[in-house]
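For the protein sequence lines, the chains are R and S, in the order given. Going from the first sequence to our numbering is simple: count from 1 and add 17. Going from the second sequence to our numbering is simple: count from 1 and add 955.
It is worth saying that the hints were derived from the structure and are not from the lab. Check before you lean on any hint, since a few could be wrong.
Said to hold, decoys possible - Quick list of simulated restraints, FRET-style, between CB atoms:
1. S:LEU1145 x R:ARG289: 13 to 21 Å
2. R:VAL318 x S:TYR1222: 48 to 56 Å
3. R:TRP42 x S:PRO1226: 41 to 49 Å
Claimed, not checked - Residues of chain R placed beyond 12 Å of chain S at every Cβ, according to the derived structure:
4. TRP174
5. PHE287
6. LEU294
7. VAL318
All residues carry an ideal CB built from backbone N, CA and C; glycine is no exception.
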Amino acid sequence: MPSRFRSPLLWITLAVLVIAATLPWYVSAYILGLLTVAYYFGVFAMSWDLLFGFAGEVNFGPTFLIGVGAYTAGILNSHYSVELYLCVAAGALAAVVAGFVLALPALRLRGPYFGLTTLVAVLILQSFVVVFADLTGGEIGLTIPDVLSINAGVNYWIALGFMAVSGAILFGLAQSPVGLILQASGQDPVQAGALGFNIIKHKLAAFIVSAFFSGLAGALMVFYMGTASVGTVVDLAVGVQVIVAAVLGGRRTVLGGALGAIFLIVAGEFLRPTGELATFIVSSVALLVILFFPNGFLGAVLSRGTRS
Amino acid sequence: MLALQILIDGFAISALYALGATGFTLIFGVSGVLNLSHGAVMVTAAVAAWAAGSVLHLNPYADALVGLLAALIAAMATYFVSVQPIQHSRRIPGEEKEIFILTATLLWGIMLQELVAYFFTNNAKTVLPIVQGVVSILGVRTPRNEVFTAIVCWAVIGLLWLLVNRTKMGKTVLAASMNPRGVTLLGHELTHIYIVVWAIYGILAGIAGVLLGMFLGVSSYSAGPLTASAFAIVVLGGLGSVSGSLIAAYVVGYLETLTAYLISPAYRSIPALLLLVVVMYVRPQGLLGRR
Chain R
18 MPSRFRSPLL
28 WITLAVLVIA
38 ATLPWYVSAY
48 ILGLLTVAYY
58 FGVFAMSWDL
68 LFGFAGEVNF
78 GPTFLIGVGA
88 YTAGILNSHY
98 SVELYLCVAA
108 GALAAVVAGF
118 VLALPALRLR
128 GPYFGLTTLV
138 AVLILQSFVV
148 VFADLTGGEI
158 GLTIPDVLSI
168 NAGVNYWIAL
178 GFMAVSGAIL
188 FGLAQSPVGL
198 ILQASGQDPV
208 QAGALGFNII
218 KHKLAAFIVS
228 AFFSGLAGAL
238 MVFYMGTASV
248 GTVVDLAVGV
258 QVIVAAVLGG
268 RRTVLGGALG
278 AIFLIVAGEF
288 LRPTGELATF
298 IVSSVALLVI
308 LFFPNGFLGA
318 VLSRGTRS
Chain S
956 MLALQILIDG
966 FAISALYALG
976 ATGFTLIFGV
986 SGVLNLSHGA
996 VMVTAAVAAW
1006 AAGSVLHLNP
1016 YADALVGLLA
1026 ALIAAMATYF
1036 VSVQPIQHSR
1046 RIPGEEKEIF
1056 ILTATLLWGI
1066 MLQELVAYFF
1076 TNNAKTVLPI
1086 VQGVVSILGV
1096 RTPRNEVFTA
1106 IVCWAVIGLL
1116 WLLVNRTKMG
1126 KTVLAASMNP
1136 RGVTLLGHEL
1146 THIYIVVWAI
1156 YGILAGIAGV
1166 LLGMFLGVSS
1176 YSAGPLTASA
1186 FAIVVLGGLG
1196 SVSGSLIAAY
1206 VVGYLETLTA
1216 YLISPAYRSI
1226 PALLLLVVVM
1236 YVRPQGLLGR
1246 R
């Protein structure tokens, strides 16, 4: 245990967080807004990495969990005027239930079958959002009356604090004995099972934790943006962005997901002048990273650290 | 009358689905690769055919040929850019290669899709059909193009069957799908077999893409749903089982047509997706799959 507190990673992370927390005093509201979204994406990517990097399950539908959380919170708030904090809690809870319903059958399946089920879940959710347009606002989106705060700085701190806390919990979980069992069952399910670990139970737990944070982040983001739409929280493209962020940052690192998400959002903003080519460029960079640096940013740094 | 119309329409669309899914399942069966850029390859074919017709003003046969060629190039590029480097990579551990290939082909598909959208906008495009006019089948006015689509699809599937089961090359491919190591021991280079399979896949996806462009029209937005429907059909039928995917294509095709005619075109894809989820619960290996 003490060795972990001596590791430079912890201190670097803390220093970066402290610097990030002071940003609202000298950075424009525009950049703060950009980073706020990036931080929510960071939580999406970190929760996804818990499943992929540790449990070894590729979830092609992170937006199913995010979308369920976001829409539950949004619908409760805009149609039933439920208080904001209750909406966020309900969103997280709904995502957990949705994650449980999805994971229970899906985890009996292996590899591509699991991925497919999660992919189909997103498509079904997307169809339902469009079909029940009265409730969900359809393709145009749902307008949310309440906001977290009208101050860009406060919004930014909420997002940063949320990302820091979620990151700490997810990272702690990944480093704990449970995380090790998850990693073992991801790499060799037969052997992990032979050692007496209940693989399905551990993977289900990972899925539920992942769903909880995805749903919570989705619900919070809805109240930051003031709108919930297919394009921002459900679309497959959003899911792909989450996956790319996690892989770019470095799989099996948890914290890398946040790095990757910030990089993606900021890079997307810098590429805005290139117009429609922005997505193309971001995807090609991601493809190159996957092909040549399969361990991602943080993975590359960490492996160099251990070698020296 | 309506029943007959559903029967005819459903038959044509299902034939198209079957052809699209056959290529997809062939790749999986032989090399274990799920190609998530499948929809983008089909869209590339259709848009290339459209561009040949409305920008270069070629005749419909030449359009179709251009589309086919575009799909062939796109398929080979998919293999060399996003599949082979990962299969040969030493830095990616073996058990994670599958996931990396899935992610890489997904990204490659998005790149293709974005390129198509950049050069040809993402408006819906309809390829000029090779045969035009309508024909009456048992009193139902049916576009000749629909009949043409069904015939071509089945002819191509038939040819593929002959190729795989009756030629030496096809038998090698079949053997590679059963036991890759055994085939290499017999002196066949596995990479060559994969290249042949991806070329066949490119042609199949190209024909399916061009026909789809003539029949329903495509836009760059169709890429994702097309991949998903091929994936769904293949899993419904059982991964790697060609006859399974043919049956599944008809189940999905008729289910969609029935929904579109009897309920509303807006609900078109929902029943098939729900059916897929049910199959996942009850029989994860698909209709004809073995595990």
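Each hint, compared with the structure:
{"no.": "1", "hint": "S:LEU1145 x R:ARG289: 13 to 21 Å", "result": "violated (44 Å)"}
{"no.": "2", "hint": "R:VAL318 x S:TYR1222: 48 to 56 Å", "result": "holds (49 Å)"}
{"no.": "3", "hint": "R:TRP42 x S:PRO1226: 41 to 49 Å", "result": "violated (55 Å)"}
{"no.": "4", "hint": "TRP174", "result": "holds (33 Å)"}
{"no.": "5", "hint": "PHE287", "result": "holds (17 Å)"}
{"no.": "6", "hint": "LEU294", "result": "violated (6 Å)"}
{"no.": "7", "hint": "VAL318", "result": "holds (15 Å)"}
In this structure, the earlier hints numbered 1, 3 and 6 are contradicted, and the remaining ones agree with it.
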